[in-house]
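Novice: What follows is each chain in one-letter form.
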Amino acid sequence: MKRLVIKDLEKCVGCGLCMYACSRRNARDPEIGVSKSGILAVSLSGFERGATIIFCRACSEPPCAQVCPTGAMTPRKGGGVFFKEDLCIACGNCMEACTIGAIFRQENGKPAVCVHCGYCANYCPHGVLAYEEVKS
Amino acid sequence: MRSKVLTIDLSRYKYWVEDRKDLFEEYIGGVGVAVQLLKEELENAKGVDPLGEENVIVFSTGPFTPAYPLASKTVALFKSPLTSNLGESHAGGRSAAAIANAGYGAIVIKGRSRKPVYVVVDEDKVHFRDGRVIWSIQDSIVTGRIIAEREKGRGIRTVMRIGGGGLNLVRYACVTTETYRHFGRLGLGAVFGSKNLKALVVMGRKSFKPKDKENFRKVYDEIYDLAVKSDAMKKYHLLGTAVNVLPLNEFGGLPTKNLTEQRFDKAEEISGEALAENNLGRRIACAHCPVACIHIAALREEYETEKYFYKTLMISYDYELIYALGSMLGVGSREGLLKLIHRVEVYGLDAISTGVCLAWATEAYKRGLISKNETLLDLEFGNYENYIKAVDYIVSQPNDFYKALAKGVDEASRIYGGREFAMAFGRNEMPGYNTGYGAYIGYLIGLRHSHLDGAGYSIDQKWKDYSPKELVDELIREEQWRQILSSLVVCFFARGIYKPEIVVKAFKPLGVETDENELREIGKKIYEEKLRLKKKMGFSVEDLQVPERVFEADTPQGKLSRDYVKEALDYYKEIVSKI
Ligand code: SF4
Ligand code: SF4
Ligand code: SF4
Ligand code: SF4
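So the sequences go chain by chain: A and B. Numbered per the numbering used here, the first sequence finishes at 302, counting up by one with no gaps. Numbered per the numbering used here, the second sequence finishes at 968, counting up by one with no gaps.
I should point out that these hints are in silico values taken from the structure, not numbers from a laboratory. The reader is advised that the hints may include incorrect statements.
According to the in silico footprint, chain A covers these stretches of chain B (three or more CB under 8 Å from chain A) [to be verified]:
no. : stretch
1   : 455-462
2   : 565-578
3   : 666-677
Below, simulated DSSO-like cross-link-like pairs (lysine-lysine); rule was C-alpha separation at most 27 Å, straight line [claimed, not checked]:
no. : chain 1 : residue 1 : chain 2 : residue 2
4   : B       : K618      : A       : K173
5   : A       : K177      : B       : K393
6   : A       : K177      : B       : K897
7   : A       : K250      : B       : K499
8   : B       : K410      : B       : K792
9   : B       : K393      : B       : K499
10  : A       : K177      : A       : K301
These numbers were taken from a predicted model, which means no experiment stands behind them. Built from N, CA and C at the ideal position, the CB exists for glycine as well.
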């Protein structure tokens, strides 16, 4: 199973290119912005401490999916989740359930979450991200 | 495209949003739109007190933010408390992306709050927050951290704030965003201070759609590849702007010790190479920029009282800081330079103006125009410890001398003398290029008041024996194109990527049809509009003065001639009178 993985977090410069890539990912419906981004670049309490990224770590028993009342968020084989936007009622349960805060809010209130497609890894110029085969 | 303008009135604690499609369609965005918004707000532009309630700040982003990489800058326009004329300053960090993602093309701030506040723009809502407790915090880094912890929007917000410089109305105080990026020049920090505005936070997760989806991704990839695979950005990527120190020094273009010298014997010590090898701690990027040119040194400092206890300061450096606080002040100790940069960063001062002010003060002190009664300490080239204390005094202003110095070198030299070596042009302290006619005439006639105006220094480096007229024409031609870049608003370092043909191409998927000629026409129009606004504020070519030192100093073009400069200015005067 291929997944988005962190190669070297210390190299992150906080540019957010990964975020914009994620929003642009859907070829039929690319967005300009960060609304749909399932990945977030943050400074570590100020850029003087450096930067890092937050995205879904692909839990094998995803708490986020467990609290979803509608079946919009379901466990994905090999870890992480599938998200079916049409079923989602934007209750926000999943966002609260994820301990690392890796589910973000889209403009319409529904979640934005990494689905491990790896598109963003092509746009990380600093070797932080990679898309690789991992053992589940 | 984003064409909404948010106006925040601090006097009435009100805000409203208008769609200004008209402006964005005609003037692109960034500086083009900001000039129009400022013009609308400042009816009586000449009479407006830059530190009065009536001054207005416009922040403006461009149509490529955040559609394409490197469109990462925000333009700020205001009436400058340093020059009493148009103030323009650009900053990156997350400012542009945050404003665009909050849904706005521009934000206008007017009025003056009765009590200290900071303002949070969370998409469609604006919150006025009590700023009394944090008002007197002089350290802009601490201010930023406190606000960041109280407010949401981690990763997608900008926190623009002022430090002691802005609080104490130092006329060249800056506004800092994300710690290491600045609206540096011309005193936006003092304007914030005068409005009782400690900080502006902006955040949002709004997005918009390209018109032509497939092409959008294609053009994006083309620009991305140019940025990361071609050599266009390599210079900034590796050593950053500090790469300029050694070549300029060799060339005889590095202003040293208040331009009494043009080469610095300690240039090696403070070069980009030496800083990278010995001090570079990490690099960071502005939002949506693959280059990451922000170089941050890690400086380990032992406690004064205890052995083996260290604090580590992270200090960002750039060419202009190395020039202004290094060679210009004769500071050749890397550690000393970094400490001085750090102090200037903490207070949120413009580093160029601070360095040039202190360089003039040092020479004036040496020549006996001022004494220790004024300076309160010995100012001597190279003595960074005293310069650090002098920076404290510029902010705290314990006497009339420092009160004057906080108003800029032009004002201080008016009172204390030494105008012939007060290195300001149009009341603005000079950037770090003593490269020849292009640079100096550029400082005088540039519309953005920085070395990046008309590329004077790069014209000098490829000098082709221009006549004064040819040079002025060349500077204006380049400056007109740069109005397009600063309307888009792409980072000037990416000007090698955003050539006219790429700009035309990049507009297409966003639904805008244009061509190179049309762009150049708009550039010309914006140039003229800006000049008109400057004239309305009282700008006149006759008032421009050139410090004698310029004609005494050696430049790579030899000694500069007064006649040449006069001819150039006379010709420029003609051009200005027709606009
Ligand atoms: S979103 Fe959070 S909780 Fe859900 S699978 Fe990913 S890491 Fe686990
Ligand atoms: S926000 Fe949507 S996906 Fe998340 S728990 Fe609620 S219904 Fe499920
Ligand atoms: S792997 Fe795909 S879904 Fe996950 S952050 Fe990257 S682009 Fe977005
Ligand atoms: S693209 Fe890479 S370096 Fe930039 S924020 Fe994302 S992970 Fe960090």
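Novice: Identify every previously stated hint that the structure contradicts and give their numbers, smallest first.
Specialist: Result: hints 5, 6, 7, 8 break, sorted rising.
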